[in-house]
Amino acid sequence: MNERLEDFIPEWLIGPVEYVGKVGVMFATTIYYLARLAVDWRLTIFQMSNMGINSIPIVFLVVGFTGMMLSLQITTQAMRFGTLHFVGGGIAYVMVRELGPMLTAVVMAGRVGSSIASELGTMKVTDQIDALRSLATNPVQYLVVPRMTALFIMIPVLSVLACLEGIMAGYWIANLVSGGSIEWASYYKFIPEFVETSDVTAALIKSGVFAVAISLVGCVEGMFTTGGAFGVGRATTNAVVYGMVAIFALNYVLDLMLF
Amino acid sequence: MIEIDNLTIAFGRNRVLDGISLHIDEGEIVTIIGGSGTGKSTLLRAIMGLIPVQGGEIHINGTRTDTLSDTSMNSVRKYMGMVFQEGALFDSMNVRENVAFALRRHTKKSEKEIREIVADRLDAVGLDGVEEKWPSELSGGMRRRVGIARAIALHPKILLYDEPTTGLDPILTATVTKLILKMRARYETTSIVVTHDMGVVEMAGDRLYMIHDRKIIVEGTKEILKSDTNPHLREFMDAMHTGSCEKGAGT
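Chains A and B, in that order, give the protein sequences.
In case it helps, the numbering used here puts the first sequence at residues 19 to 277.
In case it helps, the numbering used here puts the second sequence at residues 12 to 262.
These are calculated hints, taken from the structure and not from any lab test.
Note that the coordinates shown come from a computational prediction; the quantities given were computed from them, not determined experimentally.
No residue lacks a Cβ here, since even glycine has one placed at the ideal position from N, Cα and C.
It is possible that some hints are incorrect.
With beta-carbon atoms standing in for the labels, derived distance ranges [unchecked claim]:
hint, chain 1, residue 1, chain 2, residue 2, range
1, B, E37, A, I74, 34 to 44 Å
2, A, R252, B, I182, 35 to 45 Å
3, A, F242, B, E97, 51 to 61 Å
4, B, T19, A, I49, 25 to 35 Å
5, A, F248, B, E97, 15 to 25 Å
6, B, G73, A, T255, 41 to 51 Å
7, A, I63, B, T78, 32 to 42 Å
8, B, N72, A, F64, 46 to 56 Å
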């Protein structure tokens, strides 16, 4: 019984199949510990602060500027066609359904996905993960569960805050560009018409899925790092690249399913 | 205490150990010697359940461990300790947190009791006043000793040492070797020491195994080092002594 994976599938497919297998096993193991409520809340709260709260400035910067850019484009066109009353609703619609959750996730993939991969990768190449296991501690329970739980809570929270901030930044630019014609009351008036409760729910679902993807990719890259410092660098790069590709791909699939 | 029967380990198509068998009795210090890349550390990791095995059996204290799940293996690991080559200390924790790690996770002891045990274990390895230091602030020898203190925190019955003296100067090598003996005297541990250092073998080991070309080629008490005519053992011994002489001449 010496059959191996490479005996059954083409060589070029081995890497992707193996990667999907690692992600699947890590996800299943994480769910196993979450279902048993075997979560170290002290570590989880630390990670919520470390990865979530500390990311607020960069998320706000990126989403704030995007809201300003969006407002500049929409307000300019709205002034041409005399539809200024739709500016607030339009900005909020795009921000809640697409840009808020996705930009937050992209920023988190860059900032947090890379830090997870480099931290766990360094632990792997210096035998610290084997040391954890030798001390009768499952590394997925100790390292992955708190990180995934923390991101699963914090990315939706950050997305909501980012959406609000993007909409506010949009109002500021709309007011400036229209020479004061767009006031808060008129800007806000059509937002509830454009953005429904289901849009907010969908945005939260998307953020949760992105959080799982970012943490899984970062953890898999880190936990399976080989090759010393070079390997840690490669794992960090992969965590960001694969994380972002996963976000864009999942965003499209979720858009098809949710809207 | 530890029985290994016909053990085979491979990484992909590369077979590292091929049908090796050995046993270690309670309270013994057994050394495993052999050239680099012969699978000595792999053997230790297999005993600790850190890597899967492709054939054979491992029995620890009468329990077959090679078929246990990682979760079940954790209950066996609680009475084992492993000292890694470079210490493998958790670099995001200070010395106290490193040594206290297993105590915090696997016992319900109060912080006061944990502090006392940490102080006792650090005292056992001859380190005082380093509790607040970070691993990056420690020398190589200190890291190994903190690694030993962390491994003995739960008072294990079995200690596995993975090249504990590699890269240390002769004085620190002697210190770590004496520690291995002291751990047995103080905590009645059974020990397996993977080493290249013949000083460790001669000073601390009760028996030895030599691995060459994926198999055990020499086994016996340390007296065998002088009498056995196995060409690979003789070559290994000659190279070690030549290396020692050259090191001595260099200094």
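TODO: For the range 46 to 56 Å, tell me whether the beta carbons of B/N72 and A/F64 fit it or not.
DONE: At roughly 37 Å between Cβ atoms, A/F64 and B/N72 fall outside 46 to 56 Å, so the hint is violated.
- [ ] Take the C-beta atom of A/R252 and the C-beta atom of B/I182, compute their distance, and say whether it sits inside 35 to 45 Å.
- [x] holds, 39 Å
Task: Whether the CB-CB distance between B/E37 and A/I74 falls inside 34 to 44 Å - done: violated, 57 Å
Task: 41 to 51 Å as the expected CB spacing between A/T255 and B/G73, which holds or is violated - done: holds, 48 Å
TODO: Note whether the CB distance of A/F248 and B/E97 lies within 15 to 25 Å or breaks it.
DONE: This hint holds: roughly 18 Å between Cβ atoms.
Task: B/E97 and A/F242 - C-beta distance against the hinted 51 to 61 Å - done: violated, 20 Å
Open item on the list: Does the beta carbon distance between B/T19 and A/I49 stay inside 25 to 35 Å, or does it fall outside?
Closed with: holds, 33 Å
Open item on the list: For the hint 32 to 42 Å, verify it against the beta carbon of A/I63 and that of B/T78.
Closed with: Holds: the Cβ-Cβ distance is about 38 Å, inside 32 to 42 Å.
Violation of the numbered hints given earlier is confined to hints 1, 3 and 8; the remaining hints are satisfied by the structure.
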